[in-house]
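Chains as they are written, first to last, in our numbering: chain U, 839 to 1198; chain W, 839 to 1198.
No lab work stands behind these hints, which were simulated from the structure alone. Misleading hints may appear alongside valid ones.
[Said to hold, decoys possible] Computed list of lysine to any residue pairs in SDA-like fashion (alpha-carbon distance at most 20 Å, straight line):
{"#": "1", "chain 1": "W", "residue 1": "K1184", "chain 2": "U", "residue 2": "R1138"}
{"#": "2", "chain 1": "W", "residue 1": "K1184", "chain 2": "U", "residue 2": "A1132"}
{"#": "3", "chain 1": "W", "residue 1": "K1184", "chain 2": "U", "residue 2": "D1131"}
{"#": "4", "chain 1": "U", "residue 1": "K1184", "chain 2": "W", "residue 2": "R1138"}
{"#": "5", "chain 1": "W", "residue 1": "K1184", "chain 2": "U", "residue 2": "R1152"}
{"#": "6", "chain 1": "U", "residue 1": "K1184", "chain 2": "W", "residue 2": "E1136"}
{"#": "7", "chain 1": "W", "residue 1": "K1184", "chain 2": "U", "residue 2": "G1158"}
{"#": "8", "chain 1": "U", "residue 1": "K1184", "chain 2": "W", "residue 2": "P1130"}
{"#": "9", "chain 1": "U", "residue 1": "K1184", "chain 2": "W", "residue 2": "G1158"}
{"#": "10", "chain 1": "U", "residue 1": "K1184", "chain 2": "W", "residue 2": "P1129"}
{"#": "11", "chain 1": "W", "residue 1": "K1184", "chain 2": "U", "residue 2": "Q1124"}
{"#": "12", "chain 1": "W", "residue 1": "K1184", "chain 2": "U", "residue 2": "E1136"}
{"#": "13", "chain 1": "U", "residue 1": "K1184", "chain 2": "W", "residue 2": "Q1124"}
{"#": "14", "chain 1": "U", "residue 1": "K1184", "chain 2": "W", "residue 2": "V1135"}
{"#": "15", "chain 1": "W", "residue 1": "K1184", "chain 2": "U", "residue 2": "L1134"}
{"#": "16", "chain 1": "U", "residue 1": "K1184", "chain 2": "W", "residue 2": "R1152"}
{"#": "17", "chain 1": "U", "residue 1": "K862", "chain 2": "W", "residue 2": "R1152"}
{"#": "18", "chain 1": "W", "residue 1": "K1184", "chain 2": "U", "residue 2": "V1135"}
Protein chains: 2
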Amino acid sequence: MIPHLYCVVLAGGSGTRFWPASRKSMPKQLLAIGPEPECLIAATVRRIEALCPPERTLIATGVHLLDATERALDWLPRSSFLGEPVAKNTAPCIAWATWAVLARDPQAVVMVLPSDQHVADPEAFRRALSAAVDTARGGVITTIGLEPTRAETGYGYIEAGAELGPEVRRVARFVEKPDRARAEQYLASGRHFWNSGMFFFRADVMESAVRRHLPEVAAALDGIARLPERERTEATARAFEAFPSVSIDYAVMEKADELAVVVASFGWSDLGSWQTAWELAEKDEQDNAAPPDAVLVEARGNLVRDLRSDGRSRVIALVGVEGLCVIETDDALLVLPREQAQDVRKVVERLQARGSSERV
Amino acid sequence: MIPHLYCVVLAGGSGTRFWPASRKSMPKQLLAIGPEPECLIAATVRRIEALCPPERTLIATGVHLLDATERALDWLPRSSFLGEPVAKNTAPCIAWATWAVLARDPQAVVMVLPSDQHVADPEAFRRALSAAVDTARGGVITTIGLEPTRAETGYGYIEAGAELGPEVRRVARFVEKPDRARAEQYLASGRHFWNSGMFFFRADVMESAVRRHLPEVAAALDGIARLPERERTEATARAFEAFPSVSIDYAVMEKADELAVVVASFGWSDLGSWQTAWELAEKDEQDNAAPPDAVLVEARGNLVRDLRSDGRSRVIALVGVEGLCVIETDDALLVLPREQAQDVRKVVERLQARGSSERV
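Let's have the full structure, built from the sequences with the hints guiding it.
Given below as structure tokens:
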């Protein structure tokens, strides 16, 4: 355990990349699509338990996801869950969480983690987190930069500057998703790291930054804190309506005088598509990731997922097909090549155009 | 209507080629896998109604299929159904049906039809049937030979000899499934026709043939006919146990002095695989045969069948795949390329080896 450490898990996302498993009411972090048997957010919370106990772990999610999220993390106290009345990007949410943490512990250090990633080496992950917490404790907002293993064009990058300590460097700048040529340069440079979307700060430091850069948010949160408990939910809802929709990167990080990045490598994956789910999954000798009772005849490199909830036994048979995703849920079946996994969104678009809102 | 014409529909089959739709307890003829909305045996019976009314149509099936078959043909009188106690190939079954027909009409002419075929041109089909019935009325057992449209190696052939009338020829011999080279020769010869598995005979002619070639079967059927009605079921069960398992081709046809073949062409298909089902199905501009609410993105030439019976709405989405069969039932899902449709049997073999008898 690290004293005074609080964790805020961001769980507001609602993506389409894992359709038909993911839906508006069942986003990716609530699905067991990684190699662990539990859903991604549960794996995320378990992964940090050794650093930060349940009573110091906060979950920021949308009010419409609150029930499902509480069920997925039923060993956390109910007071752990912050239900955002309206999604306003990350800044208002992190400000709210910072105020909540400060009310409990003025010396708090906070780490903000995404809820839906995969980590292959949890020990190395926790070492990196500890290093980032140590750095943040000195007063500088800190991120984690992942050593790139390929010329990835789907992620943002952090360009690192001068060394601040072992594996800790100053952030020179944040870089948007690059094109292929630039991604190759980044991979070769030794100065560019994948932006993992995790950050670390002392609560009082973030509070000052919010007061300075988002004064209307700070004022509203101060006002809510003065209200009796029973009036806070409604006041928070009103306040969120008025908050600007802005990211913490834009509102705070980019305006900071100094930022630090801990450079690390722990088998990180953003689990961004069914393709990634296949890559991380346990596979048989023919590279199929499928339920044990599936019948696979001359089938190679397929991802088969039976996510139905009705409990009825069903045999899935694949013959002579290669590199397919076959995903079943209670009300949908998807068949597409792994290499086209990004095209899932085209199905969602068609369904939206058709008005099949219950399917997306 | 043709006077004295009786029809015997052979519905004993239990194939694996339409797994997961077809099962031991739900063979192909009970499935709506052709382009008609009804199951194949219902389409078969409707197709001949103009020649032969329901009260002169007999359905020969296995006892274990009797209930399902009666439900599929619920407009036929219950006396139409002959439930074979044990499958003994076609000869005992046709002998039994012949005795049953003769008891009703000594002048009967019988046509024996498979229950699971498709006919694109029912008018031409009925014209061919009428010609065959006319020929059979003269005393000669008659078949229908189909003009081959391709060098098919999956069917038996009839080699035709001398002309006996317009479109009617003497059968020179029956030929087993040929290899590719021989099939090409047959296609070019003008003398070889696909054996459709339909035959036509005067009931008294078949009776004499059975008395001569299968005397023990004839004796048993005579004995059963003398019993009171209530004792016949059990006596038939005992008799079938003792009958030889032999085809009508081998037991009777090949021993006849003369056989006739009516040469015809009526868009016949044996509907032998999911590939054939796709060929016959109505398709969209991208050659997909799929339910109207399926989501098809950059998908071509696929066959999608939702044969679930639970009535729950479900969306099937195919993205970027070509030439696949995607078949859903209540307890199974099959994905395989159309061109490998024959390999469905490999799935059935695996399931049998696994002891999953309820799935096959």
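Evaluation of the provided hints:
1. W:K1184 <-> U:R1138: holds (16 Å)
2. W:K1184 <-> U:A1132: holds (13 Å)
3. W:K1184 <-> U:D1131: The hint holds at about 15 Å.
4. U:K1184 <-> W:R1138: The given pair, whose Cα atoms are some 16 Å apart, holds under the 20 Å limit.
5. W:K1184 <-> U:R1152: holds (18 Å)
6. U:K1184 <-> W:E1136: Holds - the C-alpha atoms of W:E1136 and U:K1184 are around 10 Å apart, at most 20 Å.
7. W:K1184 <-> U:G1158: holds (11 Å)
8. U:K1184 <-> W:P1130: Holds, at about 18 Å.
9. U:K1184 <-> W:G1158: The hint holds at about 11 Å.
10. U:K1184 <-> W:P1129: It holds: about 19 Å lies between the C-alpha atoms, which stays within 20 Å.
11. W:K1184 <-> U:Q1124: The given pair, whose Cα atoms are some 17 Å apart, holds under the 20 Å limit.
12. W:K1184 <-> U:E1136: holds (10 Å)
13. U:K1184 <-> W:Q1124: holds (17 Å)
14. U:K1184 <-> W:V1135: holds (7 Å)
15. W:K1184 <-> U:L1134: This hinted pair holds, its Cα atoms lying about 10 Å apart.
16. U:K1184 <-> W:R1152: holds (18 Å)
17. U:K862 <-> W:R1152: holds (17 Å)
18. W:K1184 <-> U:V1135: holds (7 Å)
Every hint, counting from the list given before, is met by this structure.
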